[in-house]
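Numbering (this note's numbering), first residue to last: 25 to 623.
Treat the hints with caution; some may be incorrect.
What the hints assert, rightly or not - In silico lysine to any residue, SDA-like type, Cα no more than 25 Å apart, as pairs:
1) K578 - T30
2) K364 - E382
3) K50 - K361
4) K361 - Y609
Stated by the list, open to error - Derived DEER-like restraints, expressed as beta-carbon distance ranges:
5) G143 - G194: 36 to 44 Å
6) P373 - N607: 36 to 44 Å
7) N265 - L150: 42 to 50 Å
8) L74 - I365: 38 to 46 Å
9) L139 - G194: 41 to 49 Å
10) E378 - K512: 44 to 52 Å
11) Y487 - K509: 41 to 49 Å
12) M520 - T551: 37 to 45 Å
Rather than coming from a laboratory, the hints here were simulated on the basis of the structure.
Cβ atoms here follow ideal geometry from the backbone N, Cα and C, with glycine treated the same way.
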Amino acid sequence: MKELITFTIEFILVSITFYLGLQIIKKHTTATFKRYYFLTWMALSVLLPLVTFESTHSSDLSVDRLINESANRPDPNYELKEYHSQLIEEGKSTNQAAKVKHVDTKNSDFSWIALIKIGYLFVVGLLVVRIVIGIGQILRLRINAIKSKDELGSFYVVKDSSFKGASFFGWIFIGETLDESRQVILKHERIHKRMHHSLDILLSHLYCAFFWISPLSWVLKKNIALNTELQADAKVIDSENKIEYANILLALTQSVKGSMIMNHFSAYHLKSRIIQMTKMQRHKQWVSGLSLGIVFALFFLISCEATNSSEVMIERMGEVKTITTRFISHQSDTQQKTGKIVAIASFGPDGVLEEMVEQTTYPYDREFEVKKYFWDTPDRAGIPYMMDGLSLGVAEKSFAYGHDWPSAYYKHLDVRSNSGDMPWGEIITTDNELMPTQIESKRKREENEFAIGMPDVTEFFEYEGEKVVRVLQQSSYPKIDVESKHYKKLLERFKMVDNEATKKFYKKRLEAANGKVGDIELTAEYTYDGDLLTSIKGETYERKFYYENELLIKSEYYKNEELINTRIHYYKNSLKDRTEIFNRYNEAEYTITYTYEFW
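Hey, can you work out the whole structure from these sequences and the hints?
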């Protein structure tokens with residue numbers, strides 16, 4: 025629904041800019057120029073809202089921003105202490121009210137949205153049916169008319185005393201009662217035929233049918249109908265007397281009969297047509313150029329957020345000194361955490377991340393700082409996605425290092441293996457440092473007893489272009505003599521361990537005492553839309569990502585095909601503004617807000 029509202033608002037904004045341009049050019053340009061102007065108006069008012077345009081310093085009053093702020097979310101421009109106090113005062117009633125509202129309004133909102141859509145489409149249907157009926161009237165007119173011919177071509181004579189003349193694409197109709205004015209009217213209608221004016225009329229009626237909600241659609245349709253007549257009039261008076269032709273128009277006082285999607289020879293807009301014939305002003309090139317420039321300048325200014333929003337975000341991230349994320353709870357039992365810092369990221373003047381410190385993480389109850397380590401220098405635009413306190417899992421590799429992250433992973437493993445920091449030695453090898461298809465990690469078991477029973481691991485990577493699409497892993501356990509002191513030490517550690525995960529790890533090493541090569545197992549499968557990561561799927565989980573203007577607007581986490589949580593991301597001035605976190609029941613749990621300090 026948001027996309028439909030955004031499109032409608034932008035459609036109206038574009039129409040307004042073209043209408044303003046029309047007020048500038050209407051007295052200084054020819055009907056031929058206006059014809060192309062109107063056709064451009066129709067095309068761009070539909071196409072341009074499908075593309076978003078954004079300046080580096082976008083206004084808070086952009087269309088997307090207005091829609092985002094209309095959502096039922098806390099205002100990000102709050103005072104933490106005041107907001108915190110408000111939540112505490114409301115207490116448990118706030119949470120219960122939110123749940124009741126969610127339950128009560130969900131079906132109601134859906135009903136209203138569905139009703140609005142049905143009503144809109146109903147009117148569209150009526151207007152389209154009207155067009156179809158009009159075409160049917162033309163076909164009936166064609167069947168009942170008598171075909172005739174002169175030296176310039178064929179036409180159809182209509183047996184109706186009130187009918188003067190009309191045309192529809194290749195068909196020209198003329199009234200049988202016409203005498204001395206017949207040739208002039210035929211000339212007028214043949215100009216319509218030659219210039220394909222019926223296409224303009226039909227397009228304007230379809231345009232008005234589908235976008236009837238905008239008053240300017242009706243204004244445009246009316247102007248197109250008038251302009252086709254003005255263009256034909258201008259061609260006729262090149263070879264006919266203006267006064268005599270104007271008198272023919274004055275004689276047509278009766279109303280037009282027949283389908284309105286035809287070009288009728290009538291007194292339609294009689295005053296405007298006669299004034300135009302008497303003045304016949306020359307086309308002023310500078311006026312048309314200036315007006316088009318103003319139209320497109322206005323569009324770029326008011327048509328809200330635009331192309332390459334992700335590029336603008338990257339540029340703005342280069343100006344950031346620190347990012348601080350804070351926590352707001354929508355749960356009655358965790359409101360005491362509101363205002364607490366989740367994470368702080370610090371950047372150097374060159375835009376490179378210096379450090380990122382997490383002060384709390386899900387479920388937001390940790391009270392000590394933990395510095396987050398990265399394999400390599402991460403992409404600064406990906407850092408905000410890692411500051412919500414909820415991990416993106418293996419997706420963080422792509423957000424931090426790009427879709428060819430195995431090269432950064434290999435560098436990290438290679439450095440680690442030579443650093444002596446690990447309790448066991450490693451030998452890391454790969455077939456390609458820049459784009460590894462496999463990375464093998466072997467333990468130096470003879471040098472360290474901690475490595476006894478540890479598996480050698482080979483990871484496999486598959487690519488499409490320069491993007492990872494599949495990651496697999498195979499483990500090879502070494503053979504251990506069950507009588508050796510190393511096996512007995514492993515057994516002792518296994519008995520001493522309380523943690524279930526660690527106990528399971530030791531048990532697996534002991535069971536592999538006779539040597540075992542594990543099956544190749546799928547770790548993750550990656551899906552993309554162009555250069556945007558849309559899904560990462562493992563054996564028991566899946567993460568889905570949704571974008572707008574190449575910026576991440578929503579992420580979902582599934583476990584065993586059940587939706588566990590949803591995150592919706594908002595932006596302001598091209599930087600991440602806040603994240604709304606919802607649980608599996610679509611209840612608002614937390615808001616994470618972003619505060620920026622700039623160099």
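These are the hints, each one checked on the structure:
1. Distance check on the hinted pair: K578 and T30 sit about 17 Å apart at the alpha-carbon level, within 25 Å; holds.
2. A threshold of 25 Å between alpha carbons decides the hint, and for K364 with E382 the separation of about 11 Å falls inside it, so the pair holds.
3. Of the pairs offered as hints, the one joining K50 and K361 is violated, with about 62 Å between alpha carbons and a cut-off of 25 Å exceeded.
4. With a C-alpha separation of about 22 Å, the suggested pair K361 and Y609 falls inside the 25 Å cut-off, and the hint holds.
5. The hinted range of 36 to 44 Å is satisfied by G143 and G194, whose Cβ atoms lie roughly 38 Å apart.
6. Distance hint check for P373 and N607: the Cβ-Cβ separation is about 40 Å, which falls inside the suggested range of 36 to 44 Å.
7. Taking 42 to 50 Å as the suggested C-beta distance range, the pair N265 and L150 conforms, at roughly 44 Å.
8. In this structure the supplied range 38 to 46 Å holds for L74 paired with I365, their Cβ-Cβ distance being about 40 Å.
9. At roughly 43 Å, the beta carbons of L139 and G194 sit within the given window of 41 to 49 Å.
10. Between E378 and K512 the Cβ separation comes to about 47 Å, which falls inside the hinted range of 44 to 52 Å.
11. Roughly 45 Å separates the CB atoms of Y487 and K509, a value that falls within the hinted 41 to 49 Å.
12. One distance hint, 37 to 45 Å for the beta-carbon pair M520 and T551, holds here, with the actual separation near 44 Å.
Going through the hint list in order, the structure does not satisfy hint 3, though it satisfies all others.
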